Every structure is written in C-alpha cells, then in structure tokens.
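Be aware that the sequence shown starts at 6, since it is given in our numbering, and climbs by one per residue.
If you are wondering where the hints come from, they were derived from the structure by calculation, not from laboratory data.
As the structure is a computational prediction, the values presented were derived from the model and not from experiment.
Some clues are possibly wrong.
Straight-line alpha carbon distances no greater than 20 Å define the calculated EDC-like cross-link-like pairs of lysine to aspartate or glutamate that follow [as the list claims (entries may be wrong)]:
| # | residue 1 | residue 2 |
| --- | --- | --- |
| 1 | LYS159 | GLU205 |
| 2 | LYS159 | GLU139 |
| 3 | LYS126 | GLU164 |
| 4 | LYS159 | GLU216 |
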Amino acid sequence: MARQRKKAKQTGAPPWMTTYSDLMSLLLTFFILLFSMSVVSEERFREVAESLRMALIGSSSDAILDNEGNALEDYEFEEVSEFEDIEPEDLGVEESILMEDTISEEVHELYQTVTNYLEIKGIESDITLSRDQEGVYIDIQEAILFDSGSATLKPIGRETIGSLAGLFELFDNELIVEGYTDDIPMSSRRFPSNWELSVERAVSVLRYLSESHSVKATRLSARGYGEHRPVVLNDSRENRAQNRRVNIVIVHEHRKEGTNGSEE
Numbered sequence: 006m007a008r009q010r011k012k013a014k015q016t017g018a019p020p021w022m023t024t025y026s027d028l029m030s031l032l033l034t035f036f037i038l039l040f041s042m043s044v045v046s047e048e049r050f051r052e053v054a055e056s057l058r059m060a061l062i063g064s065s066s067d068a069i070l071d072n073e074g075n076a077l078e079d080y081e082f083e084e085v086s087e088f089e090d091i092e093p094e095d096l097g098v099e100e101s102i103l104m105e106d107t108i109s110e111e112v113h114e115l116y117q118t119v120t121n122y123l124e125i126k127g128i129e130s131d132i133t134l135s136r137d138q139e140g141v142y143i144d145i146q147e148a149i150l151f152d153s154g155s156a157t158l159k160p161i162g163r164e165t166i167g168s169l170a171g172l173f174e175l176f177d178n179e180l181i182v183e184g185y186t187d188d189i190p191m192s193s194r195r196f197p198s199n200w201e202l203s204v205e206r207a208v209s210v211l212r213y214l215s216e217s218h219s220v221k222a223t224r225l226s227a228r229g230y231g232e233h234r235p236v237v238l239n240d241s242r243e244n245r246a247q248n249r250r251v252n253i254v255i256v257h258e259h260r261k262e263g264t265n266g267s268e269e
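Working from the sequences, and respecting the hints, build out all of it.
Laid out in structure tokens, this is it:
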C-alpha cells in the first residue's frame, strides 16, 4: 500500500501580512501627506528668520539657523541669556550706533547744514546740537537767553536767536520751540509753576523769531515741559543749569508728513 504524501509546509509570510502591509503603506502615505502640508519652506523660513534677526540686531553677519535649519529657538534663548544682565545705561556706544542707523539721510544732511552755519557764525560754543528721527535739536542754555525766573530775552539772547534766524531762512521746515526748567519749585503771580515759566520762555523765543525776524508764524509752535524732562539728574548746581534750557527743533519734513497723513 502506497504511503500518503505529507503536505509540504508553506513558506513565506502568512496571508494576513499582505493586508497588514497594505494598511501600513496607506498609513505611511497618509502621514507623509499630512507632513508635506504642514512643513514650512526652508527657504521661506530662512528669509523670515533673517528679517527678524536684522530688525532686532541690525546686522546680517551672523546666521540664525545652523546647517540643518533647526536652531532658531536655541539661538533666541542664547541671545536672551547672553544679554539679560546688561543694563540700558551699559550699552553706551552700541546704543548710539543703533540710533544712528535709524536716522534718515535727510536728517544727517540737515544736521551738517546747521553745524556748518553755527561754525561760520562763530556761535557753536553757545549751542549744543543733537538729532534723532524727529529732526535736529538746537539746545540753548538759560544763562544765554534769560535771567533766573524771567521769560524776557536778554540782549545776548536776542542776538543769539537773531543769528539763528538766518539759518531758518535756508529751509522751510516746521520749527518747534521747547522750554524746560530745573526742579526748583516756581511760585509767583506771573508764574505759578514751572509749567508757566517754561511755556512763556518758549513763546518769547517764538515771538522774537516771528515779529523781529519775519519767520513765518505758520512754521512756528511752542511747548513747555517744566521740570519733567531733564537731560541729567537735578542733583547739583551744574546739572540744574543744564536742565534749564530752550530747544528749537527743526522738524524732519518726512516725519511731519507721516504724522499729518499728507504731504505738504
């Protein structure tokens, strides 16, 4: 009698593996699709990161991302930890350089024009100049313009303001006259507080420019800040003298246009 052959054992994966592999392939395809929809273009990400870094630091010399493009978060935390202990007053020259970078070319040119004019007139030693995005500031100390507690221009004050009138004829920018005092309280019938004193001093300069030197009144305005915006602490006689001053601000035209919302 012939022996019954044994069935050969099946080799390879069991049938259920086919269904399982199909399922895994579909899941993998699904997740790849989701990932491709959520991934930000690396090139676009680098552009945004570079723009942010330049806005915060003002330089394009250091890369925000590493070669894999994954270090933005780490870079930000490193910058914070590196500078977190620095006080604003410790920034020094770096802060001035950053401020210089924000000032327009027109303001720089205006500043140079004023500097040259003061040197020609020989009054540069009586005046301090500064500039920012708003324009150029001509700072004149109280001792040149007024007696203590007075808003009447002294002869030397009228001479100084008269010399500046020629400068203002070189352009038609708006002029803002600002009055400041120290923190010593003022109380008199004419000036109940430093507010009134600072405002009237600014108006005295404004009226002298308009009435004696024909500077157009439409260009002029006056402000008084009292003792509330000192340039230095009022902790000594010398510092208080620095805070008693009048500024004439030559307003940057583009700044004025942006504020008013229309060009003049």
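Status of the hints after comparison with the structure:
At most 20 Å may separate the alpha-carbon atoms for a hinted pair to count; LYS159 and GLU205 meet this at roughly 14 Å. Proximity of LYS159 to GLU139 is assessed by CA-CA distance (about 29 Å); at most 20 Å being required, the pair is judged violated. Between the alpha carbons of LYS126 and GLU164 the distance comes to roughly 11 Å, so the proposed pair stays at or under 20 Å and holds. Of the pairs offered as hints, the one joining LYS159 and GLU216 holds, with about 16 Å between alpha carbons and a cut-off of 20 Å not exceeded.
Checked against the numbered hints given earlier, this structure breaks only hint 2.
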